[in-house]
Amino acid sequence: MQEIILQTKKITKRYRKFCALKQADMTVYKGDIYGLIGRNGAGKTTMMKIVTGLTNQTEGEYSIFGKSGKSAESEKRRIGCLIENPAFFGGLTAYQNLKYYCYQKGITDLKQIDNVLSLVNLSDVKNKKFRKFSLGMKQRLGIAFALLDSPDLVILDEPINGLDPIGISELRKTFHKLNKENNITFMISSHILSELYAVANRFLFIDKGKVLKEVTKQELDLECSRCLVVRTNDTKKTAMLIESKLGIEDYKVINNDEIRIYDESAKPDVINKMLICENVEISGIYESGVSLEDYFKQLIGEEN
Amino acid sequence: MINMMKADLYRMSKSKGILFFWLFTIFTYSISIISKSYGGITLEGMYDLPENIKTDIGQLTMNSTFYFLLIMPVFGVITSEFGEHTLKNTISSSVSKRLYFMSKFLFSLLYSTVSFALANYIYYAVNRLVNGSEYSSVLKDFTKAFLTQLPIFIAVISIFSMFAFLLRKGAIYNAVTISAPIVCTMISQLMMSINTEKEFLKKIRDFGIKSVSYGVETMSARIIFDTSDDYRSNCYIICIMVIVFSFLLGYFSFSKRELD
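Those sequence lines, one after another, are chains A and B.
Following the numbering used here, the numbering of the first sequence begins with 7 at its first residue and continues without gaps.
Following the numbering used here, the numbering of the second sequence begins with 459 at its first residue and continues without gaps.
For the record, the hints were derived by calculation from the structure and aren't laboratory data.
None of the values given here were measured: they were computed from a predicted structure.
Some hints could be false.
As the list claims (entries may be wrong) - In silico EDC-like pairs for lysine to aspartate or glutamate, Cα to Cα no more than 16 Å straight-line: (1) A:Lys-219 x A:Asp-31; (2) B:Lys-555 x A:Glu-81; (3) A:Lys-135 x B:Glu-542; (4) A:Lys-73 x A:Asp-158; (5) A:Lys-138 x B:Glu-592; (6) A:Lys-144 x B:Glu-542; (7) B:Lys-555 x A:Glu-79.
Stated by the list, open to error - Here are the in silico distance ranges between beta carbons for each label pair: (8) B:Ala-633 x A:Gly-112: 35 to 45 Å; (9) B:Ile-630 x A:Glu-90: 19 to 29 Å; (10) B:Thr-571 x A:Glu-90: 29 to 39 Å.
What the hints assert, rightly or not - Going by beta-carbon spacing under 10 Å, a handful of chain A positions derived as facing chain B: (11) Asn-62; (12) Gly-66; (13) Lys-105.
All C-beta atoms, glycine included, are put in the ideal place defined by N, C-alpha and C.
Working from the sequences, and respecting the hints, build out all of it.
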């Protein structure tokens, strides 16, 4: 059984009359690269702020590394964070800023500063003042800060904002490397679906403070891949018939009235004819294949 | 907490903001040493100084100048964190809000007090070196006078720290801390100007008259020479109350409010 690193149960956050999060459940396992997907204002940052102690939830509870409530405070040292915009002291250089946090976290080996700066390609500008940094450089310093204390869980809020395409690609490799080699669990939020898809292995779709769906990458691939959708009132009989009569095994019963066939050789007219002959009522048969964006739109649409 | 203070000390050593504190202190003290007389920024004070006091003790009575100078270290330690939004880095991955507040409050007290003490003793040493014993008192007397006065400035630094946590924005913090003594003086004078026979209003007027004796300038000057137990103990009680009140109000304000 996989170790649970972070779990929220029915987390709700209200700012006076505005509800930023509604009964949100989420589970992050050890070794996950967990993607939080949602539009601006969906509640991603609020969720991250709650689990990092920057704000308190109105209702619900969460546990980090198996500890909840006050005892979760002691686990903070195992978390590295970049929440919202990267914030550092403008008058200090990148190196001095990280040195400040090294002292604060009790990190005695200052070589760690050079290590994390080289991970995010900031070694050359380590003596440049933070206020003179470009947005992308600030973002990378924020990521370096999150990795400074060799954390077990890294929480990054929109980490690729302001990065150029090469920077994004390099960062993606860094995340994968740290995840595989150092067994660091990541929780990354973004509204850029394609980027998150390229890096994460589990996803949480969130909109208007409500969790829409939590899926693995395999499940997401399955839901988004090209397929033949058969809508019928008898999925059990349909499944049995397409398997026995047509020899199709690559299919999935989605719900009470939908079957998806992923076998590329499946022909809609053949299936239609066969099901009619077998007296199965069909309300629709069509090809489907949605992009991530369309899938997300669908999810939002279903909720609305 | 020690780690946080160590980090803050490192940051303050790199900060240029504190330079103004030292530049202004050196400027004021240089004039005092060269002219062999004491001076500085005065607030509205009501006190009489004994005649023939040594320059260094006289300069201690002018320490209300530090009311304005001590705004700076507290600004550097606390307000800059709100301004740069860096406190989220600390609270999200190092310490709790409670520990953060305590560490910052304590560090700003320590850092400002040490700066204040250092400035006074540097002045004492240079004055003694340049002007000799004719214009300076013995170290023991100077230390006694300095320590007598010190709790007042610890209370002042506590108020500043409370304002820093309460107001958060640098501009508002500066505006409030700079204008506070002026506003307090205006209120006192307004109360003192009440001319009526009504009992309730007379009490307000009496309170106004009494409150002038406990302003920063009056207290910091008078407490050195006024050896009456009543006055000194009243001053210390006020200081303790101010420190406790500032700590509690600052803490509750910080812990209850959302971080930006």
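A quick look at each hint next to the structure:
A hinted pair counts as satisfied when its Cα atoms are at most 16 Å apart, and Lys-219 of chain A with Asp-31 of chain A qualifies at roughly 10 Å. Pair hint Lys-555 of chain B plus Glu-81 of chain A holds up; C-alpha atoms about 14 Å apart against a cutoff of 16 Å. Only pairs whose Cα atoms come within 16 Å are accepted, and Lys-135 of chain A paired with Glu-542 of chain B is accepted, the gap being roughly 14 Å. The suggested pairing of Lys-73 of chain A with Asp-158 of chain A holds, with an alpha-carbon distance near 14 Å, which does not exceed 16 Å.
Proximity of Lys-138 of chain A to Glu-592 of chain B is assessed by CA-CA distance (about 53 Å); at most 16 Å being required, the pair is judged violated. For the suggested pair Lys-144 of chain A and Glu-542 of chain B, the alpha carbons sit about 13 Å apart, so the restraint of at most 16 Å is met. Taking the CA atoms of Lys-555 of chain B and Glu-79 of chain A, the gap is about 10 Å. The hint holds against a cut of 16 Å. Against the hinted window of 35 to 45 Å, the Cβ-Cβ separation of Ala-633 of chain B and Gly-112 of chain A comes to about 37 Å, which satisfies the hint.
Taking the beta carbon of each, Ile-630 of chain B and Glu-90 of chain A are about 22 Å apart, inside 19 to 29 Å as hinted. Here the CB-CB span from Thr-571 of chain B to Glu-90 of chain A is close to 35 Å, well matched to the stated 29 to 39 Å. With a least beta-carbon distance of about 9 Å to chain B, the hint placing Asn-62 of chain A at the interface is held under the 10 Å criterion. The restraint placing Gly-66 of chain A at the interface with chain B is violated, with a minimum CB-CB distance near 17 Å, outside the 10 Å limit.
Evaluation of the Lys-105 of chain A hint against chain B yields a held restraint, the C-beta minimum of about 7 Å falling below 10 Å.
In terms of the numbered hints stated before, the structure departs from hints 5, 12, listed from lowest to highest.
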